[in-house]
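Chemist: Read off the chains here:
Protein chains: 4
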Amino acid sequence: MSSTLVRVGLVGVTGYTGMELARLLAVHPSFRLAAVTSRQEAGQTLAEVYPFLQGFAVGDLVVSLPDADALADACDLIFLAVPHGAAMSIAAELLARGRKVVDLSADFRLRDTAVYEKWYGREHSLADALAEAVYGLPELYADRIAAASLVANPGCYPTAAILGLYPALARKLIDPDDIVIDAKSGVSGAGRGPVLGSLFCEVQDSFRAYSLGSHRHTPEMEQELSAIAGRPLVVSFNAHLLPVNRGILATIYTKPKDPGLSPAAAREAYASAYADHPFVRMLPAGRLPEIRSTRGTMFCDIALVADARSGRLIIVSVIDNLCRGASGQAIANANLMCGLPLAAGLGQAALVP
Amino acid sequence: MSSTLVRVGLVGVTGYTGMELARLLAVHPSFRLAAVTSRQEAGQTLAEVYPFLQGFAVGDLVVSLPDADALADACDLIFLAVPHGAAMSIAAELLARGRKVVDLSADFRLRDTAVYEKWYGREHSLADALAEAVYGLPELYADRIAAASLVANPGCYPTAAILGLYPALARKLIDPDDIVIDAKSGVSGAGRGPVLGSLFCEVQDSFRAYSLGSHRHTPEMEQELSAIAGRPLVVSFNAHLLPVNRGILATIYTKPKDPGLSPAAAREAYASAYADHPFVRMLPAGRLPEIRSTRGTMFCDIALVADARSGRLIIVSVIDNLCRGASGQAIANANLMCGLPLAAGLGQAALVP
Amino acid sequence: MSSTLVRVGLVGVTGYTGMELARLLAVHPSFRLAAVTSRQEAGQTLAEVYPFLQGFAVGDLVVSLPDADALADACDLIFLAVPHGAAMSIAAELLARGRKVVDLSADFRLRDTAVYEKWYGREHSLADALAEAVYGLPELYADRIAAASLVANPGCYPTAAILGLYPALARKLIDPDDIVIDAKSGVSGAGRGPVLGSLFCEVQDSFRAYSLGSHRHTPEMEQELSAIAGRPLVVSFNAHLLPVNRGILATIYTKPKDPGLSPAAAREAYASAYADHPFVRMLPAGRLPEIRSTRGTMFCDIALVADARSGRLIIVSVIDNLCRGASGQAIANANLMCGLPLAAGLGQAALVP
Amino acid sequence: MSSTLVRVGLVGVTGYTGMELARLLAVHPSFRLAAVTSRQEAGQTLAEVYPFLQGFAVGDLVVSLPDADALADACDLIFLAVPHGAAMSIAAELLARGRKVVDLSADFRLRDTAVYEKWYGREHSLADALAEAVYGLPELYADRIAAASLVANPGCYPTAAILGLYPALARKLIDPDDIVIDAKSGVSGAGRGPVLGSLFCEVQDSFRAYSLGSHRHTPEMEQELSAIAGRPLVVSFNAHLLPVNRGILATIYTKPKDPGLSPAAAREAYASAYADHPFVRMLPAGRLPEIRSTRGTMFCDIALVADARSGRLIIVSVIDNLCRGASGQAIANANLMCGLPLAAGLGQAALVP
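Chains as they are written, first to last, in the numbering used here: chain A, 95 to 447; chain B, 95 to 447; chain C, 95 to 447; chain D, 95 to 447.
Each hint should be verified, as a subset may be incorrect.
Calculated pairs, BS3-like style, for lysine-lysine (alpha carbon to alpha carbon, straight line, at most 25 Å) [stated by the list, open to error]:
{"hint": "1", "chain 1": "D", "residue 1": "LYS349", "chain 2": "C", "residue 2": "LYS266"}
{"hint": "2", "chain 1": "B", "residue 1": "LYS351", "chain 2": "A", "residue 2": "LYS351"}
{"hint": "3", "chain 1": "D", "residue 1": "LYS266", "chain 2": "D", "residue 2": "LYS351"}
{"hint": "4", "chain 1": "B", "residue 1": "LYS266", "chain 2": "B", "residue 2": "LYS351"}
{"hint": "5", "chain 1": "A", "residue 1": "LYS351", "chain 2": "B", "residue 2": "LYS349"}
{"hint": "6", "chain 1": "B", "residue 1": "LYS212", "chain 2": "B", "residue 2": "LYS266"}
{"hint": "7", "chain 1": "A", "residue 1": "LYS349", "chain 2": "B", "residue 2": "LYS351"}
{"hint": "8", "chain 1": "B", "residue 1": "LYS266", "chain 2": "A", "residue 2": "LYS349"}
{"hint": "9", "chain 1": "B", "residue 1": "LYS349", "chain 2": "A", "residue 2": "LYS349"}
{"hint": "10", "chain 1": "C", "residue 1": "LYS266", "chain 2": "C", "residue 2": "LYS349"}
{"hint": "11", "chain 1": "D", "residue 1": "LYS212", "chain 2": "C", "residue 2": "LYS351"}
{"hint": "12", "chain 1": "A", "residue 1": "LYS266", "chain 2": "A", "residue 2": "LYS349"}
{"hint": "13", "chain 1": "A", "residue 1": "LYS266", "chain 2": "B", "residue 2": "LYS266"}
{"hint": "14", "chain 1": "D", "residue 1": "LYS349", "chain 2": "D", "residue 2": "LYS266"}
{"hint": "15", "chain 1": "D", "residue 1": "LYS351", "chain 2": "C", "residue 2": "LYS351"}
These are computed hints drawn from the structure, not numbers from a lab. This one's a predicted model, so the numbers in the text were calculated from it and none came from an experiment.
So here's chain A without its partners, still in its complex pose (with noise of 0.2 Å):
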């Protein structure tokens, strides 16, 4: 299949990751974009709806409106960038007519269709879709996703959180029940609504937390944690806005088990858990990580700092929200269901500065 293009959709195409989406798509080796949709912008050209694209051929493609004939027509796989509870409808639609989908909302995340109508305010009516849904981190799913029809793609928070607390958790490096999970973001991941609070003259040259203890990225983590940890586990999530476009970085708080764990001994795990996994780096000892390292890229940069004065592990992740915490990672979930290279289109260094 690699040697021929795949014909991709994308549904909602106004929003940040449909943004993102666009831009990666614009020069992917593989993909060819041959519907986007949205209501909003429908019978505009994408240059118009983003002139960065202008003098690229996605630039030339009409937005339409969503149409699940039209995209299963048109498309092998479809990438959902609308609201959670948009996704679950267009999703089923398109899976009925036998289209491979990524969805970037939150509707297949959960497995426990209880938890998501207690964190999301909404009924689940796609339990069946549900039960195929794969969770989109290829880390830990590579295979799972490579087989996958529908893909449900990790929350931006939860893919820093996930892949920082990994090795220290799948072996038993840590205290399961005592977990801090301090994470800073950037603009683009609260959305690209026009409301007050993403106004630049709200956020600039300004920080402030949100969402303490009650982001509902918390029980995604706590899920796929758990499963790692080989058992339930609570964490305490905590979300704060940075004045910066792309990137998140989280904080993490644990105590390890072993009073003496050495940090040579913490480093050598998460050396050997990533070993084949080059999207995330190790930074060496000595160096912490920052946002921009990570900026239009799949890279997650992660140090380990053992506090003995404090009897800490302290991990730092980081990644960018929109590439690999949304639109990047959806592109690589994309690529492995179709037997790519994880990697295709997006082998990019990092825009520094």
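Assemble chains B, C and D onto chain A, guided by the hints.
Modeler: Same frame as chain A, now just chains B, C and D:
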């Protein structure tokens, strides 16, 4: 004393704390800036060094070389805005000449010279002066500050952390052995030295952690928090660099001693502890602070979140690192030392947006 | 009048000009904010709308629905910070009730209703009030402002442009038919309405031109500059959007009438024109202004560059668009209208950095 | 030649142009970075110097001291990213050893050594090499670049200005004696040297003009624009510093020779001049460019505004100063010199947001 002008001096005007002192002194109702020194800028007027001061009387002041006799002659009270190490000897000279000193460096903050020597890597030669120095946090030590000749102005991170934790520790609401302080600071906290890491293009649109578990402000916090708690404690203090000019937001993770601690009870403890301290603003339930609300002011904005799921009391404490965390606090201390109202010259509303 | 408090009202507190008026009035020595209205925020206290006002007396004021009788009852002078069109009728009602009005909208700036109707696309129904209105630029019209009941507060771009050009045009130094104004403004100038183009991620780390040759502030500049020049003139005025909160920098390209005009002569003309106007700061030769030096203040910083190579006199004029370009200037005008010193409540140094 | 790898070298990796070359070469399909030099960083790997390059083959390359023999041995073509003055002699040594050179400094841009000496304040010792050097603007000189051994890579401002003015001047649409270029650049254009004026807190949330009428890029523009116009001309070129990482927007004020020049005719002249040059994007009527649409790319986005009121044709030209204005253009030139497609390795869409 409040009806006449107090002549004040400023040693070290080149850095951001010196700049902020100049900004505040330019319009202070009772302090008249009588001498400004800097080896680097000597010979220029303040308005040449800082064009934003053109048009103010202080702008016409000529920067001179530091000289203890001249300073003691011209000034009743002197602010030291020079690096640690340098402050120590100047302070001694001025105290010997009967002048009052507010030192913005770390030289007189740590009561135990062994701790100073360990964290700052240099000998402390002034144990006598140190014994007299008062730690300049007005909410805790106003009376002693009013009587002091030498005030050690607190560090920016300690100011945010101590004010955030004071009621909870003083009233024994939390476990003193399980405190994580995740702090984020604007770039002015790194000083005005022209170093690569402070360049615009190295910081803008990015974010990074630094000095995890090893920041020099840690022993200062532990000293004061231990005094409040009534016994020695260790904190996990961790710093991050925000792409903003000013501001610190500290997210403080604690565990209530009583798992059933109600949000209302926690809030009430803080409200009563700070009832007579108008610079500390307890936010209404459901509100979280943001850095900009303190921009250019002495306010410390605090919110409490009782997270029952994870069994934590989360405290968010916000200040302006340059004003409350350095120069504004220095002026508040000088106000007290001169019998002026605490808030003299410090009454502005935050510059928002 | 200056010894007693003047009761003032604020109609329209939701936008950035309303926010800035609230910030300045919170600490004004002679104005007491007695009524604040907003359809959108009615029922909340000012501190709920603007948390940075917690702790100030104005923060406890409850926002009410706009009502002319109530406003006239409670206030001696009212600031109108509502969109053009809306201001017109409220102003008439308040003037009819004998109250003084400072209107921050464009409704009373253009003396020719036909020009207003052409550029603003709506009828002007209050030719009578318009005839009484005084254009509120204190450097030009202080005496008339002091006697006025209705002041039309200037637009932000016109304030920067007119102050930049006034001495050169008044003294016939430049060709009035060859003026290019290349102006750059911070995002607060675009208002606080939640629109896509003002979102953080649409503005941050970017820059763009807008309304080239067609900005609504053009006729206002031309009206005032023509009056200064003594004959009609047309300017090329062009706007750009800076990723900053506040500030306008206008680079103004002119051609000296006398090709041999010396830099010193040009500078002298400006110095004498502004000798009695402390809010205008002429920078020393060789210095160029920066936006931050005016942040939060009434200053207009001006530099002149005589470029012999290209035969041009370049004028750089900088203000804070929210303070000098809107709300601070409104307060200066109100000061004059109430017999207070021009600078009452407006004496702060710029917040730098 | 295009089927095999070309070995390239990079002299001077410490600055932003060196960093940007490293970023682009990390994923170039036909260039293999074989040697990197820097006096300052010698001995470290590229990934140690630039952590964002960890995980790329180039990241493992060890930075060495500059040595002409070693460079000539290891490389077919060498990029010089060192300051003017330093580039001159290295270039000569490499040319003498038969290597191709793309020089990113100003040393070979000005054909008249007297002009170089006047504006750069140093002697030019290599008139011979200068005579061979080709000015590396592909839209104008692609054929000559393809045949050159030494390419003088254009300055960032000249790239934006020349591309903006080329069709208008070449087709005699405008008066060559009345051109004002008001240019605004991101901070990376000021280099990576740790100087006070480039610190985050000196630039963030501010904006300023600099080098009005006296910027060193002026003679370079005038040289090329004069060549296009067919006779000597002088421009008024003026620079401003934007608080953004990358990007230049130049607003160019011109006067049409024919006052009746229609917008359509102007647009048509540009469209046909750039018909075969895909890196130049003429924006549709009514659109104005923004910096972010070119971020990380080779695009030059141009819009035309015919302002009949003021009798001006306004040209807005936007590039990324680091990519199109320096390192990306250097790679495009190297592509041509090596028989590769102009756009090899330069095909990405802009990173937006």
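Chemist: When you check the alpha-carbon spacing of LYS212 (chain D) and LYS351 (chain C), does it fall within 25 Å?
Modeler: Answer violated: LYS212 (chain D) to LYS351 (chain C) is near 29 Å, above 25 Å.
Chemist: Take a quick look at whether LYS349 (chain A) and LYS351 (chain B) sit within 25 Å of each other, Cα to Cα.
Modeler: Answer holds: LYS349 (chain A) to LYS351 (chain B) is near 19 Å, not above 25 Å.
Chemist: For the pair we were handed, LYS349 (chain B) and LYS349 (chain A), check the Cα-Cα distance against 25 Å.
Modeler: 14 Å, holds
Chemist: For LYS266 (chain C) and LYS349 (chain C), compute the direct alpha-carbon distance and say whether it is at most 25 Å.
Modeler: 11 Å, holds
Chemist: Hinted pair, alpha-carbon criterion (25 Å max): LYS212 (chain B), LYS266 (chain B). Please report holds or violated.
Modeler: 30 Å, violated
Chemist: Is LYS266 (chain A) close enough to LYS266 (chain B), meaning Cα to Cα at most 25 Å?
Modeler: Not OK: LYS266 (chain A) and LYS266 (chain B) at ~33 Å, beyond 25 Å, violated.
Chemist: Does LYS351 (chain D) lie within 25 Å of LYS266 (chain D) when you go C-alpha to C-alpha?
Modeler: 8 Å, holds
Chemist: When you check the alpha-carbon spacing of LYS266 (chain A) and LYS349 (chain A), does it fall within 25 Å?
Modeler: 11 Å, holds
Chemist: Please verify whether LYS266 (chain B) and LYS349 (chain A) have alpha carbons no more than 25 Å apart.
Modeler: Status holds; Cα separation ~23 Å.
Chemist: Taken at face value, is the distance from the CA of LYS351 (chain C) to the CA of LYS351 (chain D) at most 25 Å?
Modeler: 22 Å, holds
Chemist: Hint check: LYS349 (chain D) vs LYS266 (chain D), CA-CA at most 25 Å. Holds or violated?
Modeler: This hinted pair holds, its Cα atoms lying about 11 Å apart.
Chemist: Hint check: LYS351 (chain B) vs LYS351 (chain A), CA-CA at most 25 Å. Holds or violated?
Modeler: Holds, at roughly 22 Å.
Comparing the model with each earlier hint shows violations of hints 6, 11, 13; every other hint is respected.
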